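Q: Here's the letter readout for the chains.
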Amino acid sequence: MTAPLLEVRNVSRFFGGVKANLDVTFDVETGMVLGLIGPNGAGKTTLFNCITGFFPPSRGEILFEGKRIDGLSPDKVCRLGMARTWQKVRPLAKLTVLDNAVVGALLRTKSVKDAREIAHAQLKVVGLATKDSTLAGTLPIGERKKLEVARVLATQPKMILLDEVMGGLNARESEDLIQLILDIKTSGLTQVVIEHDMKAIVRTCDRIVVLNSGEKLAEGTPQQIVNDPRVMTAYLGDSGGAKA
Amino acid sequence: MAVLMQSILSGILIGGVYALIGIGLTLIFGVMRVINFAQGELVMVGMYVTFFLFRGFGIDPFLSVVITMPALFILGALLQRTLINRVLDALPQNQILLTIGIGLVLANTAMLLFTSDYRILSTSYSSSSVSVGGIRLSTPLLYCFAITAAITAALYWFLVKTDVGHAIRATAQDRDAAQLMGVSVRRMGVLAFGLGAGLAGAAGASRRPGRADVLHLPASRRRLHSESLRRRRPRRDGQHHRRDARRRPDRHRRIAQRLLPRVRLEGRLRLRHLPRRPVAQTLRPSRQESHVKTALFWAVPLIALLLVPIWLTSPYPLHIFILLFIAVAMGESWNVLGGFAGQYSVGHAAFYGLGAYGAFILLQDKHVAPWYGVWVAVAIATAVALIVGSITFRLRGPYFVLASIAVAEIIRLLALNWKDLTNGAEGILASDLPALHFGNRLITDWNSKTPYYYMALAMAVFCIAVNFLVQRSKLGYYLQAIREDQDAAHSLGIPLTIYKNIGLVISAACTALAGSFSAFYIGFIEPQAVFGLDVSVQVVLICIIGGIGTVTGPMIGAVVLVLLSEALRANLIAQGLFHLGLPETSATGMFLKENLAHAHVLIYGILVIVVILFMPDGFVGFFGTRLRRRASR
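One line per chain: the protein sequences are Y and V, in this order.
Take 695 as the starting number for the first sequence in our numbering and just add one per residue.
Take 74 as the starting number for the second sequence in our numbering and just add one per residue.
Source of the hints: derived by calculation from the structure; they are not laboratory data.
Remember, it's a predicted structure, so these values are computed and weren't measured experimentally.
A short, non-exhaustive set of chain Y residues, derived as facing chain V with CB atoms under 10 Å:
| no. | residue |
| --- | --- |
| 1 | S767 |
| 2 | V783 |
| 3 | K804 |
Heads up, simulated BS3-like pairs for lysine-lysine below, C-alpha to C-alpha not over 30 Å straight-line:
| no. | chain 1 | residue 1 | chain 2 | residue 2 |
| --- | --- | --- | --- | --- |
| 4 | Y | K879 | Y | K804 |
| 5 | Y | K804 | V | K547 |
| 6 | V | K366 | Y | K807 |
| 7 | Y | K825 | V | K366 |
| 8 | Y | K770 | Y | K713 |
| 9 | Y | K804 | V | K366 |
| 10 | V | K547 | Y | K770 |
| 11 | Y | K893 | Y | K818 |
| 12 | Y | K818 | Y | K879 |
| 13 | Y | K804 | Y | K761 |
| 14 | V | K547 | Y | K852 |
| 15 | Y | K825 | Y | K782 |
| 16 | V | K547 | Y | K782 |
| 17 | Y | K818 | V | K547 |
To list a few chain V residues with every Cβ distance to chain Y over 12 Å, as calculated:
| no. | residue |
| --- | --- |
| 18 | Q246 |
| 19 | T517 |
| 20 | D518 |
Glycine included, C-beta positions come from ideal geometry on N, C-alpha and C.
Work out the full structure, taking the sequences as your base and the hints as a guide.
A: Right, dumping it as structure tokens:
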């Protein structure tokens with residue numbers, strides 16, 4: 695078996711006295727979709743930030759293709775082939791949808807013309823090709839989320855990290871995105887997804903890591919996780935039964 | 074030892090006044106996240122109110138705090154309700170520009186009404202002092218400190234003990250949460266701005282009515298300047314040229330004097346990303362549009378401009394064209410960094426001045442001809458830009474604005490004090506330019522405006538071309554991505570600092586070029602005229618008025634600003650009003666005729682306010698959207 699694409703080893707991140715992540719360890723194999731779940735405040739987004747270089751982990755190591763990447767700046771991490779979306783979408787509001795994706799595509803090419811072609815192809819993948827000359831700031835939330843994905847795909851990554859791409863979407867829009875994740879999976883691209891919707895997680899993920907209060911609570915196949923009593927308690931105990 | 078104690082104590086006492094101004098500033102910033110650049114002007118208003126209360130009614134300056142504070146409170150509250158409130162959700166940079174505009178208006182109104190002369194206020198105790206253990210402290214300063222301490226204590230009590238105080242502090246902590254708790258955030262904003270202004274007023278009122286207190290107002294260095302002008306050699310081009318040279322530095326000084334106190338800031342500042350309103354602004358021609366059409370669109374006016382000097386030979390119109398080209402070049406240069414990358418530098422005077430001084434000093438001391446020296450100067454500016462960039466680009470939003478101002482000020486002070494190199498405040502007068510030869514052929518001996526015209530045109534076209542190229546390249550995309558969202562840009566693999574620095578370097582180099590040229594054109598430089606804050610502000614204005622982040626914007630902005638200032642200078646506006654039937658001999662008529670020519674800075678101020686409030690995307694954005702809307706109808 696080949697080495698995992700991404701290895702997270704004993705990663706901890708502290709903010710002052712707050713332990714946002716504590717000793718988190720897991721691997722992501724090439725081609726798989728890994729789900730990262732946990733109640734609000736479990737440290738999922740912090741972990742994403744550590745992995746993608748937005749803040750270095752306080753302790754621990756992160757390896758991508760066997761090389762240490764912890765402490766690298768976000769642009770370097772992205773150049774190595776790991777791109778992330780944002781839970782709170784960050785469209786480049788005054789640029790058109792196409793230009794948003796072009797910015798991503800320019801990572802691998804100097805030519806704006808080539809970048810346009812790559813960008814256009816990725817917009818087709820997410821289903822935004824017809825909106826390419828709309829200003830990104832005017833898109834509705836569902837399409838903004840898709841744009842995030844298109845932009846990330848345009849950087850031609852080896853792995854993408856999706857931070858709650860379905861958050862705040864209605865059932866039909868969520869279905870679109872589930873389909874999108876499955877399509878991307880078919881194309882062979884490795885994905886790590888943070889998601890709250892268990893149904894979506896179970897349908898898309900090969901493996902799930904559950905975080906709670908910054909620590910890894912459980913890891914396993916969707917089936918194992920769904921039947922794990924600890925996961926139940928964590929969710930019900932911490933968020934009072936409300937699905938966030 | 075006694076001297077040390079003396080200095081320390083005096084320092085503490087004077088510090089009390091600054092603390093008062095600072096508290097006002099933090100209060101405003103805390104509650105509304107708006108950095109009030111007009112705070113210094115509010116202090117000035119406070120001083121004037123105090124002065125006239127003393128003059129007119131004989132009210133003691135310290136007693137008048139009771140009137141000054143409420144008066145300024147009302148003024149502040151009004152400013153907040155009518156102007157500031159409208160930009161609370163806008164970009165922090167726009168808020169800063171709005172308050173700069175307010176400051177310009179306040180200061181220049183004061184100057185029109187009261188002239189730029191010093192007003193001296195002396196009371197019976199003005200020069201008295203008390204002696205404590207061998208240390209002499211001036212009585213007014215002591216009173217002043219007592220009053221500021223009392224006001225600060227009262228404010229503290231108000232903020233900590235009263236319900237309204239709680240509400241203000243809640244708003245400062247979290248606007249949304251405060252609103253949900255039933256606090257009227259709008260009213261708190263008005264209150265905070267009023268209080269901030271009131272404190273500024275109190276500071277103005279109590280500010281050291283010591284040794285014949287001087288109102289710190291505009292043009293305090295006017296005398297000095299007129300001396301330096303007397304030394305000026307008469308220019309070949311006669312009247313127009315001289316008139317321009319005289320006015321320019323003078324205007325520079327006047328604005329700058331007023332802007333300076335604004336840079337003092339206190340308090341803990343926190344950055345907050347305000348939501349941006351996406352506005353249709355993409356003016357880039359769509360891919361499908363033929364390049365031929367675009368080329369034609371630009372070629373026709375260019376050819377027309379190339380022909381202008383053939384049938385236009387009188388110096389004045391050519392002079393206006395040259396000013397216009399310089400303004401275009403400066404605006405386009407700034408646009409690379411401020412427009413595309415969204416890094417609002419209000420310190421571009423640094424590069425402008427480095428270009429001017431670099432080339433001037435090389436010509437004067439080393440006899441390097443300007444057309445070589447300019448490139449050395451540009452290289453120097455580039456190097457400085459890299460150093461500055463690596464330091465200031467750690468900062469974002471309003472902090473970057475402040476840092477850029479600080480850098481320009483540091484360089485200005487350096488130029489002012491490094492007398493061996495720069496001749497200090499007296500400035501440098503250009504010696505005659507050596508004639509330009511190409512091979513054995515004489516190209517020009519610089520005796521008319523025509524060579525300047527073509528050089529300025531070439532420079533403007535060059536800067537426009539740079540913008541075009543940037544906009545269409547990877548660099549342009551990356552800079553715009555940085556403008557829109559730095560974190561998103563970072564996550565898409567853009568090394569922020571590198572690209573910001575590239576933008577800065579291009580921008581600084583072009584600005585230095587424009588600075589060199591305009592210095593040689595005017596023939597005289599001194600620190601304030603080329604490094605002054607008003608130079609930086611003017612550059613930003615060109616872009617703001619025209620439309621930031623577009624190639625056409627700075628051109629339009631330059632046309633508007635240059636024509637407006639020339640119209641004012643030539644008193645065209647007053648004459649226009651007389652034509653429209655305003656009696657020339659009426660009091661208003663006389664007043665306008667007398668003063669409008671000096672009011673261009675006031676008009677700039679008003680223009681900034683109007684543009685920020687009603688067309689934050691400048692003329693291009695404003696009319697562009699309108700045209701498109703009409704077209705789609």
